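*Asks:* So the chains spell out like this:
Protein chains: 2
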Amino acid sequence: MNKKGLSILMRIRMRPNSAAKLSLSPLTQNELNQTQMNSQVNQSASSNTEREFELVRASMNSAISMNKTEVLDAVLNDFSAGYFNLDHENRRRLLLVLAKEYDLNRTQVRELIKQYLGLEPPSGENAQSSGLEEEGLLSAFYRTERNLRHALNPVYEVLFERLNTHPGGLKFLSSLRADILSILAEENIASLRALDSYLKEKLSTWLSPAALELHQITWDDPASLLEKIVAYEAVHPISNLLDLKRRLGVGRRCFGYLHPAISGEPLIFIEVALLKNVAQTIQEVLWDDPPILECEATCALFYSISSTQPGLSGINLGKFLIKRVITLVKRDMPHITTFATLSPIPGFMQWLLSKLASQSNLAEAEDMSQSSANGSGSTFWENILEPEEEKAIMDSSAGIAAGKSGMEVMLNLLTSTNYEWTNSAELLLVLKPPLMRLCARFLLQEKKRGKALDSVANFHLQNGAMMERINWMADRSEKGLRQSGGIMVNYVYRLENIEEYAQSYFSKGHIHASADLRRYVKPLEEHEERTD
Amino acid sequence: MNKKGLSILMRIRMRPNSAAKLSLSPLTQNELNQTQMNSQVNQSASSNTEREFELVRASMNSAISMNKTEVLDAVLNDFSAGYFNLDHENRRRLLLVLAKEYDLNRTQVRELIKQYLGLEPPSGENAQSSGLEEEGLLSAFYRTERNLRHALNPVYEVLFERLNTHPGGLKFLSSLRADILSILAEENIASLRALDSYLKEKLSTWLSPAALELHQITWDDPASLLEKIVAYEAVHPISNLLDLKRRLGVGRRCFGYLHPAISGEPLIFIEVALLKNVAQTIQEVLWDDPPILECEATCALFYSISSTQPGLSGINLGKFLIKRVITLVKRDMPHITTFATLSPIPGFMQWLLSKLASQSNLAEAEDMSQSSANGSGSTFWENILEPEEEKAIMDSSAGIAAGKSGMEVMLNLLTSTNYEWTNSAELLLVLKPPLMRLCARFLLQEKKRGKALDSVANFHLQNGAMMERINWMADRSEKGLRQSGGIMVNYVYRLENIEEYAQSYFSKGHIHASADLRRYVKPLEEHEERTD
Chain A
1 MNKKGLSILM RIRMRPNSAA KLSLSPLTQN ELNQTQMNSQ VNQSASSNTE
51 REFELVRASM NSAISMNKTE VLDAVLNDFS AGYFNLDHEN RRRLLLVLAK
101 EYDLNRTQVR ELIKQYLGLE PPSGENAQSS GLEEEGLLSA FYRTERNLRH
151 ALNPVYEVLF ERLNTHPGGL KFLSSLRADI LSILAEENIA SLRALDSYLK
201 EKLSTWLSPA ALELHQITWD DPASLLEKIV AYEAVHPISN LLDLKRRLGV
251 GRRCFGYLHP AISGEPLIFI EVALLKNVAQ TIQEVLWDDP PILECEATCA
301 LFYSISSTQP GLSGINLGKF LIKRVITLVK RDMPHITTFA TLSPIPGFMQ
351 WLLSKLASQS NLAEAEDMSQ SSANGSGSTF WENILEPEEE KAIMDSSAGI
401 AAGKSGMEVM LNLLTSTNYE WTNSAELLLV LKPPLMRLCA RFLLQEKKRG
451 KALDSVANFH LQNGAMMERI NWMADRSEKG LRQSGGIMVN YVYRLENIEE
501 YAQSYFSKGH IHASADLRRY VKPLEEHEER TD
Chain B
1 MNKKGLSILM RIRMRPNSAA KLSLSPLTQN ELNQTQMNSQ VNQSASSNTE
51 REFELVRASM NSAISMNKTE VLDAVLNDFS AGYFNLDHEN RRRLLLVLAK
101 EYDLNRTQVR ELIKQYLGLE PPSGENAQSS GLEEEGLLSA FYRTERNLRH
151 ALNPVYEVLF ERLNTHPGGL KFLSSLRADI LSILAEENIA SLRALDSYLK
201 EKLSTWLSPA ALELHQITWD DPASLLEKIV AYEAVHPISN LLDLKRRLGV
251 GRRCFGYLHP AISGEPLIFI EVALLKNVAQ TIQEVLWDDP PILECEATCA
301 LFYSISSTQP GLSGINLGKF LIKRVITLVK RDMPHITTFA TLSPIPGFMQ
351 WLLSKLASQS NLAEAEDMSQ SSANGSGSTF WENILEPEEE KAIMDSSAGI
401 AAGKSGMEVM LNLLTSTNYE WTNSAELLLV LKPPLMRLCA RFLLQEKKRG
451 KALDSVANFH LQNGAMMERI NWMADRSEKG LRQSGGIMVN YVYRLENIEE
501 YAQSYFSKGH IHASADLRRY VKPLEEHEER TD
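Residue numbers (the working numbering), protein chains in the order written: chain A, 1 to 532; chain B, 1 to 532.
Just chain A, same shape as in the assembly (with noise of 0.2 Å):
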C-alpha cells in the first residue's frame, strides 16, 4: 500500500461494532435493523415533504413501466438517490406502495387458470401416438403454462431486475431489502413479507458462489478495501491499525467473496490464524505474539466470519466461502490438517437466564422447597442443576447473592453487575461445572423446528460442520461473558464429511458432537432427538 492510501486508512474512525455481522456470532433480526436502519435515515436528518415522497414514488413507477430507453438509467439512479433520501416513515410508506400496488395482475392469473385448466395435459400416453395436431395442441399447452408461470411473477420483479444490471443496483437492492427486514422486524405486514421473500429468491439467484470471486485480503489491498474490513468486522472488532496490520500479517489469512457488480467491498469475508493446536482461548488468536511459523502450523482456525451486507440475510455465502477456503489452504499448504472454528455461542446465556428464571418462580409458586429432591410436583418444574452442583451453590454463595433455591443463586450471581462472579476463584470453580453441562445440553439439545436453538450453532451444522470442544473462561470480554457466559465452541470441519453432515443435520437435525462433548450431557442422551 502506498503512502497515500496508508494515510487514509489512519483517518478511518474505527466503528464500534456498528456493522451486521454473520454466523459465526449472527446477528438477530432486531439487532440487524438497529444499525442498518439508523446508519441510513441519519442521511436525512429532517422528515421528507410529501412532495418529495411522491417524487421518488413517480421516479419508482417510471422505473417500472417505462419501456427501455436512454432515460431508464437516469430513472433508476433518480429513483436510487430519492429512496436514500426519504425518512424511516417514508421508506415504508414506498416499500408498501411497492409491495401491494406492483405485485401481480390477479384478474390475468385467473383468466390463464380458466384457460389452463381447459387444456388438456401432456401424458405419457398421448406423448406416444402425438401427430402434428397432437403436437400443435401441447404446444399450446405450454405456451398456456408458461404464461400462467410469468403472470404468477409480481411487477415489481421489473424492477428488480433493472437494478440488478444498473450500476450500483445490486448494492441498492440489498441495502432496500436490510430496510425491509427491519420494517418486517417491527410489525408483520403480509404483502411486505411477500416481497421479501421474493427479493430474496432473486438476490440468491444473483449471488450464486459461480458469480462470486475468492479473493485473499492482504496488506497490499487498496485502503479503500481495508477500511471496510475494519469498519465491518463485528465478531471481534478491530481496535487499531496494528491489530489489523495482524491479522492480515504471517501467520493470519483473510479471504472475502467479491461480486463484479459491488466493486471494493467483500459481500463476506473470514479470517483464519494458523496454529499448532486448535485455540482454547480468543485471547490466543487476537494477542498472542510472536505468531508461530507457518510452516509448524497444522490447524487453521476460523474465528471470525462477517458479512458486509444486512440486505443479504438468509442468503448462506457463508458455506461456500468456508469449503472453498479449506480447499484452498489445503492446497496451499499440505501441513495444515485441521481446520476448526473458535466460535460464541450467542443465544446461550439468554436460554439460561430465562430458563432459571422460570423455573426459580415456578418452585417459588408452588413452594417446592420439600418435593424438591425428587423433582417431581409440577410436570413444567425441573431442576435444571444436579443436587451436588446445587451444594456447591448454596454453599459458597453466602453474603454475594441470596435465592431459595441453587437455580435462583444462580440466576442472581450472574445476572450480578459487573459480571461479578467471574472476580471470585471460588465461585468460577462452583459454576464452572453446571455452566459448561448446560451449555453442552444448550448446544446438543435445545432445538427449534429440529434445528439447533443457537444461531451460529445452526450455521455450522448446516454447513457440515462437528461440535468439538467446549471451552471455559474462552472470551471475558463484555460481550462474551453477556452471551455466552465466556465459554467459546470449537466447530471442526472435515472435508470428506462435510457434506454428509450437513445432510443428514439437514433432513434428520441430527447434530454430529465429540464424546467428550456428548459426555457432558450423558443421562439425556437418550431424548436426544426431542424438540420443541
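Treat the hints as calculated values from the structure; they're not laboratory data. Nothing here was measured: the structure is a model prediction, and the numbers come from that model. Any given hint might turn out to be false.
A pair counts as met if it fits within one copy or between any two copies, since identical chains are not told apart.
[Said to hold, decoys possible] With a Cα cut of at most 20 Å, we get these calculated DMTMM-like pairs of lysine to aspartate or glutamate:
{"no.": "1", "residue 1": "K100", "residue 2": "E120"}
{"no.": "2", "residue 1": "K202", "residue 2": "E157"}
{"no.": "3", "residue 1": "K448", "residue 2": "E265"}
{"no.": "4", "residue 1": "K200", "residue 2": "E187"}
{"no.": "5", "residue 1": "K330", "residue 2": "D73"}
{"no.": "6", "residue 1": "K319", "residue 2": "D73"}
{"no.": "7", "residue 1": "K171", "residue 2": "E265"}
{"no.": "8", "residue 1": "K319", "residue 2": "E161"}
{"no.": "9", "residue 1": "K200", "residue 2": "E111"}
{"no.": "10", "residue 1": "K100", "residue 2": "E134"}
{"no.": "11", "residue 1": "K276", "residue 2": "D87"}
{"no.": "12", "residue 1": "K200", "residue 2": "E157"}
{"no.": "13", "residue 1": "K100", "residue 2": "E135"}
Since chain A is already given, all that's left is putting chain B on it; use the hints.
*Replies:* Coordinates of chain B only, in the frame set by chain A:
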C-alpha cells in the same frame, strides 16, 4: 506473449468458417445445427449401447433428485462426461426424457390452483382495515401464491441451477442448448421447445451484463484465448497469424465479454477498425496497409461481431457489448465521433432470387408479355424492375443469359456459375441500379412480424442503429456475392439516439434510415409501414 505461447498459436489449425457467428451475420438455425451437432457428435464415433444410455440417464436422475451431498459434484461431472459421450440419437432420447419426465408435477399444480381459487385475494379496501387476523389470511394467500409459482417451475430447473453453480456447468448448459436447438430445427417437439424456452430464460438471467466483464483482447493475451478468436471469427475468417496480429494491432481493437464461470474464452467479441472515414468496402478494412495514425481517426468501424456459443442463440449480448465499446472508445479517444458498422446483408440474395423466380413463373404462366407495360394482370404479379432497368438488362445480356422478361434474364445472370456477371464491366454497370434499389427496398421495406426480414438488419436496428448507406461491390468474396450480391451496408450508432431508435423500432417497427438510402425507394415511401 512468450515464445511458447506463440508456438502453440502457430499450430492452430485454422478452421474455415466452422464456428457460429452472430449479429453482423447471424447464423440461421440450420447453419447452427450443422456446425454444433457435428463437432460434438464426432467425439463419439460409434453409437452407444443401451447400457451407456441408461448410465447417463441414471446420473441425470441423481443430479436432479439427490440432496446436497459431497457426491453431487461427482454426479454432475459423471453426467456431463456421459452426455458428451452419447451420440446424436441418444442425446435426443435423453433430452426428451428430461423434457417429459422432469417437467411439472401437474397434480400438485391443480391442487394448488384449487386452494388458490378458494382464498380471498388482497384488495385495497381490506388492506386499510386489516387487523392481525386479516394479515394472517393474507399471509396464507401469499404463501399459496408463492407455492403455486414454485410448482409451475419444471423439475429440470434443479438440474439447470445445479449445473450453473458447478465448475464448467454454465458452458455445459450452453452446449446442451445448442443440441436442443439443433433437434428443434429438425422436428417440432412441444415439450422440448418448452424446455428450451425455460433454459433460455435461465441463461439470460445468469448472463446478465452485470455478470460479464468487458475485456480488450490484445496480442499480449494468452495463446489459448487468441486461439478462440481465430476459431470463432466467422464473419471474415482470419487466414493466418499476420492477419490476426494486424486485427489486434495499431488502428484496430478487439473487445470481448468474458464470464467468470467460462474462463479464457469470450462469449462474444467485436472487431473494430479506427479509420478516417466510414469504410465502403471490406478490403479497405482487412487488407489496406499501413493503418492510419490512430490520432487521425474519426471513425470506429465495427467490422465483425462473433458469438462463440451457439447455445446462447437468442440471448442478445451484442447490444450491451456495442454500447459499452462505444462508451469506452469515446472516453479514450474523444477525436472519434462516428461509430458505424460495415455489415453483410445475408438475406438479400435469397429474397431477391426467390422473388425473381416466382415473378418470372407467374409471368410465364399468364403470358404477361403484353400487359407487362402497365404491370397489372395478376394481383400477385409485380414487375420488380423499372422499365429502363428492364430495357438495359435485355439489351446487354445477349449471348450470356436468356429469358422472356427482364426478371428472368436477371435471375439467370445472378445464378450463373462463378458469378460471371461480376467479371463484365458492362453487366456490373447495368445490374448496379436495380440491385442497389432492390437492396434498399429489401432492407427498408421487407418485414416479418413487423421486424426487418434481414437478420443482421434486425440485430442492429433492435440495438438502436440507423441505416446509413449501402455500398456497391463492397465484398467480392464468394460468400459476399452469394449472400448479398457483393453489397454491404453501413449502420451508424449514435449514443444519443440508440435507446430512442431501439424503442421506436421495437414498438412500431420503425426503421431509421438516411435520406440517401430512402431516396432509392422513394416511390414506395408511402406504404413503408406495410408488413407481411
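*Asks:* Confirm or reject each hint.
*Replies:* Structure-based check of all given hints:
| no. | hint | in the structure |
| --- | --- | --- |
| 1 | K100 to E120 | between (34 Å within a copy, 15 Å between copies) |
| 2 | K202 to E157 | both (9 Å within a copy, 15 Å between copies) |
| 3 | K448 to E265 | neither (34 Å within a copy, 48 Å between copies) |
| 4 | K200 to E187 | within (19 Å within a copy, 39 Å between copies) |
| 5 | K330 to D73 | between (45 Å within a copy, 19 Å between copies) |
| 6 | K319 to D73 | between (35 Å within a copy, 15 Å between copies) |
| 7 | K171 to E265 | within (10 Å within a copy, 28 Å between copies) |
| 8 | K319 to E161 | between (26 Å within a copy, 17 Å between copies) |
| 9 | K200 to E111 | neither (28 Å within a copy, 26 Å between copies) |
| 10 | K100 to E134 | between (41 Å within a copy, 15 Å between copies) |
| 11 | K276 to D87 | neither (51 Å within a copy, 54 Å between copies) |
| 12 | K200 to E157 | both (12 Å within a copy, 18 Å between copies) |
| 13 | K100 to E135 | between (39 Å within a copy, 13 Å between copies) |
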